[in-house]
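Enquirer: Sequence:
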Amino acid sequence: MGTRFPSLLQPPIAFARLAAGADAPADALAAFRRALDQGATGLACEVHLSEDGEAMVHDGPVLRSGLRRRPLSALPAARMPASAPRLAQVYETCGTELHLLVDLVDEAAADVVAGVVRSVGRGAEERLWLCSPDWRQAASWRAHSSSARLVQATRLRAFEEGPERRAATLSAAGIDAIVLRETDWNAGLTTLFHRFGCLALAGPTRHRHRLDTVLAAGVDGVTSESVDSMVSAVAALSAPAP
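Numbering-wise (this note's numbering), the sequence shown opens with residue 18 and increments by one.
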């Protein structure tokens, strides 16, 4: 594998993400539980609000059934299919020890998600990661949770001001982590963000050789639909270096 650079989190978090679109599982809770049984230490998902204001876990704001499409916001939680469970059900099924990386766009959802996780208790809020493509929006969510980690998800090419200035900006704004694509990360970039106290997350990552490469660069977590490959790659970090 060559040189390995240190992560701030040991071991890095393995966030399992469910397949989307036509490959999405019909029973999301069973798929999440299966991923954790395979060795994932976290889950990555989107959360959207139902018509009655409940936090629902689903990839995208629209439910698809054949040619029919309905926004989650137009359905009450009780009428959601098994592919869109309540966030509270995820904790009921999977326990509270997992790390949960939640992609949010709806500003109102942040407070609802934080409330659900606080009600779970047992340190779950400290393992909650609230993620937005807009770092300013993510920073505003500190008002909803004093202990969740705040995350920006973006691309390296979006740094108009350059990586070092972006890292400094995120640090000053209280952003705890940044998600970049696997191909954006290298050891120099992880070291830079670590210097500003910002955790480095990579994803989505599918192939084992890419997982090995990005983990060797020192990222603190990866997201992947390929749970077995991800878990094996993280486990390989504890093996003696050649």
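I should point out that these hints are in silico values taken from the structure, not numbers from a laboratory. Any given hint could be a false lead.
Simulated DEER-style distance windows between Cβ atoms [stated by the list, open to error]: (1) R81 <-> A47: 17 to 23 Å; (2) A175 <-> E109: 35 to 41 Å; (3) A43 <-> S255: 32 to 38 Å; (4) E68 <-> T208: 45 to 51 Å; (5) N203 <-> V122: 26 to 32 Å; (6) V122 <-> P23: 32 to 38 Å.
Every residue, glycine too, gets a C-beta built ideally from N, C-alpha and C.
Enquirer: Indicate, hint by hint, whether the structure satisfies it.
Expert: Quick rundown of the hints versus the structure:
1. R81 <-> A47: 17 to 23 Å: For A47 against R81, whose Cβ atoms are near 19 Å apart, the range 17 to 23 Å holds.
2. A175 <-> E109: 35 to 41 Å: Holds: the Cβ-Cβ distance is about 37 Å, inside 35 to 41 Å.
3. A43 <-> S255: 32 to 38 Å: 35 Å Cβ-Cβ, so the 32 to 38 Å window holds.
4. E68 <-> T208: 45 to 51 Å: holds (46 Å)
5. N203 <-> V122: 26 to 32 Å: holds (29 Å)
6. V122 <-> P23: 32 to 38 Å: holds (33 Å)
When held up to the earlier numbered hints, the structure conflicts with none and fits them all.
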